[in-house]
Amino acid sequence: MVATRSKSLRKMWGQATPYLLILPVVIYYAIFWVRPVIAVIIGSFTDASGVFTLQNFVMVFSDENFWPALNNTAIIVLFSVTIEFIGALFLALLINRKFFGSGIFLFLTLIPMALPAVATGAMWITGLTAHGWINSLLYYLGVLAEGEKIYWLGGIEPNPTKLLALVIIIDAWQVIPSMMIILLAGLQNLPKAAKEAGYVFGGNFMTVLRKITMPMLRPTIQTAVILRLISAIQIWLIIVLLLGFGRIPVLVERIVYYHEEVPGLNISYQMAAGYTIVVSTIVSLTALVYLRVSGAFKKEETA
Amino acid sequence: MKKKFTVLFVVLVVASMLLAACQQEVVEEAPTTLVFSSRLFSPPAEQEFFINEIAKPFEVENNVVINFQIIDDQTLLDRADVQQNTDHVTTDIVVAHNSRMAEWIENGWIEDLTDIVAGWKDRTFSEAFVENTNKDGKQYFLPVGADVYLLLANNKALPYLPDGVDLDTITWEQYAAWAVAVAEGEGEGKVCITGIPAKSWVYMFGGTALSYGAGFPDANSAGALDAWRVWESIGKAEGFVPTVLNIDSCVDPMMREESWLTVFHNARAGQVYASNETQFTLAPAPTGPVGTGSIAGVSGYAIMKGSANYDLAVKFLEYLTRPDIQVKLAKGTGGFIPPVKEAMDFLGDEAIDEVINKAVLVLENGVVSGVPAGNYQDWGAVKACFDDVFADTILTGADITQARLDEAQACIDALLK
Amino acid sequence: MNRKVNKKIIKAAKDTVFYLFLTTLIAGMLLPVYFIVSLSFLSTREAYRYPLPLVPALKTDFELTYGENGYILSVWDRTDKEYQTVLDTNEVEKMEVYIKARLGTKITQEEIRAEIARLENSGQESIFFTKPRSLLYNYDTFFKVTRDAVPALIRSIEIAALTILISLSIGGLAGYAFARYIFKGKDALRFSVLFVRMFPGVAIALPMVFILAKANLYDEPLGLSLIYSVGAIGLTIWITASIFMGIPKSLEEAAQVFGGSKLQAFMRVTLPLALPGLAASAMYTFLGAWNETVAAIILTQFKPTFSVVVYQTLLGAQGNVNLAAAGGIAMALPALIFTFFLRRYINQMWGGVTV
Chain L
167 MVATRSKSLR KMWGQATPYL LILPVVIYYA IFWVRPVIAV IIGSFTDASG VFTLQNFVMV
227 FSDENFWPAL NNTAIIVLFS VTIEFIGALF LALLINRKFF GSGIFLFLTL IPMALPAVAT
287 GAMWITGLTA HGWINSLLYY LGVLAEGEKI YWLGGIEPNP TKLLALVIII DAWQVIPSMM
347 IILLAGLQNL PKAAKEAGYV FGGNFMTVLR KITMPMLRPT IQTAVILRLI SAIQIWLIIV
407 LLLGFGRIPV LVERIVYYHE EVPGLNISYQ MAAGYTIVVS TIVSLTALVY LRVSGAFKKE
467 ETA
Chain Z
7 MKKKFTVLFV VLVVASMLLA ACQQEVVEEA PTTLVFSSRL FSPPAEQEFF INEIAKPFEV
67 ENNVVINFQI IDDQTLLDRA DVQQNTDHVT TDIVVAHNSR MAEWIENGWI EDLTDIVAGW
127 KDRTFSEAFV ENTNKDGKQY FLPVGADVYL LLANNKALPY LPDGVDLDTI TWEQYAAWAV
187 AVAEGEGEGK VCITGIPAKS WVYMFGGTAL SYGAGFPDAN SAGALDAWRV WESIGKAEGF
247 VPTVLNIDSC VDPMMREESW LTVFHNARAG QVYASNETQF TLAPAPTGPV GTGSIAGVSG
307 YAIMKGSANY DLAVKFLEYL TRPDIQVKLA KGTGGFIPPV KEAMDFLGDE AIDEVINKAV
367 LVLENGVVSG VPAGNYQDWG AVKACFDDVF ADTILTGADI TQARLDEAQA CIDALLK
Chain A
19 MNRKVNKKII KAAKDTVFYL FLTTLIAGML LPVYFIVSLS FLSTREAYRY PLPLVPALKT
79 DFELTYGENG YILSVWDRTD KEYQTVLDTN EVEKMEVYIK ARLGTKITQE EIRAEIARLE
139 NSGQESIFFT KPRSLLYNYD TFFKVTRDAV PALIRSIEIA ALTILISLSI GGLAGYAFAR
199 YIFKGKDALR FSVLFVRMFP GVAIALPMVF ILAKANLYDE PLGLSLIYSV GAIGLTIWIT
259 ASIFMGIPKS LEEAAQVFGG SKLQAFMRVT LPLALPGLAA SAMYTFLGAW NETVAAIILT
319 QFKPTFSVVV YQTLLGAQGN VNLAAAGGIA MALPALIFTF FLRRYINQMW GGVTV
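Protein chains in written order, with my numbering: chain L, 167 to 469; chain Z, 7 to 423; chain A, 19 to 373.
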């Protein structure tokens with residue numbers, strides 16, 4: 167009797183362990199995060215006098231900037247996450263070869279990630295302006311003739327495609343290192359034996375990568391991509407730094423716009439709340455789809 | 007390895023906490039601290055001047071420490087919101103822009119200074135800003151650092167100046183013709199305006215409109231239409247710098263010589279002028295049929311409700327608004343206009359006095375308007391109505407039509423409270 | 019013998035190509051950084067020249083002649099390759115201020131007077147002289163204007179360290195649970211902890227500040243660490259979980275077989291293997307806390323963070339882009355030092371660990 171009871175207790179205890187380990191997080195979020203979020207959710211479903219309404223979402227969806235913002239965000243996410251993943255994986259595999267000097271090489275590649283916004287802002291603004299360092303460099307290299315200039319951020323004729331491409335490149339430049347360190351951390355623990363076996367059985371670099379390294383790296387890749395996906399959808403700062411509000415609208419930029427640029431409008435709070443809910447819905451749906459497709463959930467169940 | 011990491015980490019945490027604890031003790035022994043949060047005097051050189059030349063004498067005399075902090079208007083309001091609503095009022099004096107003063111007054115976050123001002127007999131605040139600083143006959147803000155718009159030209163543009171034009175009496179049509187001549191001669195537009203939305207285009211255009219007898223902010227009146235025509239002629243000749251949509255302040259493009267011509271904020275014009283006096287020419291803003299129009303901006307000192315150092319704050323404001331101190335401050339900070347009438351007696355004949363004098367000429371003899379931001383839900387949104395006309399019509403070289411202007415006016419009027 | 023030599027040559031050639039490739043890659047990546055660093059050493063005048071000088075000057079060449087208002091001071095312009103007029107004045111003090119502030123060059127009033135005397139005694143139209151640049155002028159100015167930079171710096175390190183401590187301990191535990199246990203609602207929970215990052219932070223920054231201010235954490239470094247940990251925990255959970263998953267459970271079990279407790283097995287075997295992942299999360303957390311300004315400005319008054327004092331110095335830095343560059347670099351340096359020490363944990367040179 168006593169023995170079985172203690173056994174079942176221990177079993178219960180064993181089942182409770184994961185929940186206990188997660189409990190601190192839940193408490194933490196409950197104290198600092200849940201209340202403001204609920205306030206925003208309520209705010210998005212009420213009008214200025216606190217009455218339930220769906221009008222806020224009607225306003226968001228009929229906002230002339232909503233669809234361009236959604237479109238721009240989608241383009242940025244699609245290209246930047248792809249480019250960043252390939253770049254980050256390439257660098258991580260390279261550094262993981264542990265050649266002489268790879269530690270210093272790693273440090274150098276991490277520099278863009280460590281720069282604060284004030285430095286990156288100054289860097290790109292002084293670079294991309296007509297009399298900036300990029301044009302200066304091209305002039306010294308002989309690419310630009312005297313008096314010839316490239317208007318990187320657009321001349322008189324607005325060219326959204328070019329601007330989006332620039333934003334994607336600049337974003338990738340800064341973000342690749344942060345994605346790379348996750349992948350690199352994951353690569354550390356892959357048993358060398360498996361990889362070596364792959365080569366022994368006649369695999370070349372690509373087949374070993376595809377058949378052995380990538381599958382073993384899967385949890386890390388999922389983490390790196392999902393984290394990047396989430397923040398890529400919420401990109402805004404670099405765009406506002408370079409172009410101000412409204413020229414290339416993106417989703418989170420709209421929230422900031424109503425919070426900080428025009429906070430006084432009668433509809434500012436409602437618009438910001440509405441956009442916030444719409445954005446978080448879009449982000450979570452995208453994340454969910456990615457996790458399902460990449461098999462993050464399925465795999466664990468059987469693990 | 008793990009141990010080393012942990013040890014390093016623990017040492018780091020403990021050391022920083024110890025250091026923080028030591029600091030706290032030092033802070034507690036210090037004399038009274040007066041917290042002064044300002045949107046004005048943000049350029050580093052101006053900050054240095056304010057701290058060393060203006061605040062220091064007061065600190066020494068009264069055994070206080072002035073905690074001087076630069077913060078933009080919106081953050082200043084957010085901060086006040088938190089401080090007022092959680093009973094942690096730590097800021098004593100705020101300096102806000104006149105386009106945001108109404109929010110401060112309406113929220114009831116600042117003290118009524120009417121009686122205090124009445125006790126000061128040696129200074130008369132300029133009437134131009136009463137609309138913003140006062141409400142219902144009560145004075146909340148004490149004006150400081152006023153600005154009007156001045157014309158600043160790179161000397162490289164002077165050869166293109168149309169014959170017989172005197173820069174001191176240049177008209178808007180002549181300015182436009184000059185800009186067009188520069189663009190044709192150089193093969194590239196050289197006029198700077200702030201093309202990034204919600205910056206100062208509304209004031210740049212507003213000055214022109216006032217010169218033609220329009221009110222502010224008018225978009226579609228007869229005077230405004232004449233003003234749009236001036237800018238339309240520059241746009242049609244591709245007279246704006248190609249990067250105009252990326253410009254949030256004309257200081258950098260003027261210094262980089264990307265742009266050669268602009269009409270903007272006198273203190274910022276003074277700043278560029280001082281960077282190389284032999285390279286730039288400064289003049290009053292161009293004139294129109296009814297005179298030299300300019301929007302006048304100003305900032306204002308106010309005392310936070312619930313300030314623990316109210317008396318000291320009053321004393322500091324008394325000191326700061328003395329005519330001689332206002333002049334000293336204006337001169338040391340690029341050329342703001344001291345909005346105290348008696349201050350003019352203290353002006354001399356140095357180069358910086360010339361900047362201030364030109365600005366005062368505009369303020370006294372020109373057609374000047376303040377910023378009626380308090381009448382609108384959000385002033386930034388009003389600015390955007392004007393920015394849109396610039397971006398979709400002026401810049402693209404399209405014709406200004408009454409219909410487009412009526413649309414802009416509707417955009418503005420819809421924002422009325 | 020020959021074959022050995024051949025092999026050596028081939029290896030040397032391969033190495034050369036490899037390192038050339040690395041150098042090109044890194045040069046390309048760091049080109050923008052080079053320009054911002056170079057900009058931080060340029061004088062204000064040169065920072066606004068076009069084409070921009072590629073390297074900071076070490077000296078400034080002057081020409082002094084007679085002018086309408088006294089003396090004309092010209093400086094050698096590296097862009098146009100000629101002397102260009104900058105001042106026409108009689109006032110020695112004005113010249114001194116201009117040369118120091120705009121040209122970032124060391125000079126005293128006595129030296130200027132001496133040059134003027136030399137011009138007048140020479141009987142020539144103009145004279146030339148050279149003075150050394152003060153390369154660190156922008157950094158000097160930055161730290162002169164930025165008050166309390168050192169206490170703010172220490173405070174920021176403290177806040178970042180606390181944030182790492184909170185998020186690694188709380189988040190690491192949860193990450194371990196997600197990697198090692200099978201339990202009901204696991205996927206949903208795992209997704210929910212990530213939702214914190216999906217909800218736009220800008221929308222709730224101010225309300226969170228309110229909560230902390232009401233909890234008497236106004237102007238307290240701990241308050242900021244608590245805010246920063248909210249975002250960092252979710253990220254830490256995911257990174258650590260994915261790393262723990264990559265460590266075979268068999269290793270831990272093996273350790274237990276040899277008489278260790280579960281905790282001991284975790285401490286001795288799993289934790290060291292997870293170090294790269296922990297280091298990566300720590301780096302994210304550090305940088306996030308280090309660079310944050312929005313909440314920090316509102317929540318602090320007498321105890322600002324380093325990011326806040328930098329913001330205050332640079333808010334009005336138009337016309338002073340070289341100073342902004344210096345401030346940006348000053349702010350990046352501690353983060354770079356942290357990165358430098360952490361990199362060895364992310365990329366462990368001793369490779370895979372075996373029991």
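Simulated from the structure, these hints should not be mistaken for laboratory data. Be aware that a few hints might be false.
To be clear about the criterion: a stretch of chain Z counts as covered by chain L if any three or more of its residues have a C-beta under 8 Å from a C-beta of chain L, and this derived list gives those stretches [to be verified]:
#1 54-61
#2 196-208
#3 258-264
#4 300-314
Taking lysine-lysine and the BS3-like style, the derived pairs with C-alpha atoms no more than 30 Å apart in a straight line are [said to hold, decoys possible]:
#5 Lys25/A with Lys264/L
#6 Lys205/Z with Lys162/Z
#7 Lys361/L with Lys25/A
Every residue gets a Cβ at the ideal spot worked out from N, C-alpha and C, and that includes glycine.
Cross-check of the supplied hints:
1. 54-61: violated (count 0)
2. 196-208: Holds, because 4 residues of the segment 196-208 of chain Z bring their Cβ atoms closer than 8 Å to Cβ atoms of chain L.
3. 258-264: It holds: at least three residues are needed, and the segment 258-264 of chain Z offers 5 whose Cβ sits within less than 8 Å of chain L.
4. 300-314: violated (count 0)
5. Lys25/A with Lys264/L: holds, 21 Å
6. Lys205/Z with Lys162/Z: Answer holds: Lys205/Z to Lys162/Z is near 27 Å, not above 30 Å.
7. Lys361/L with Lys25/A: holds, 25 Å
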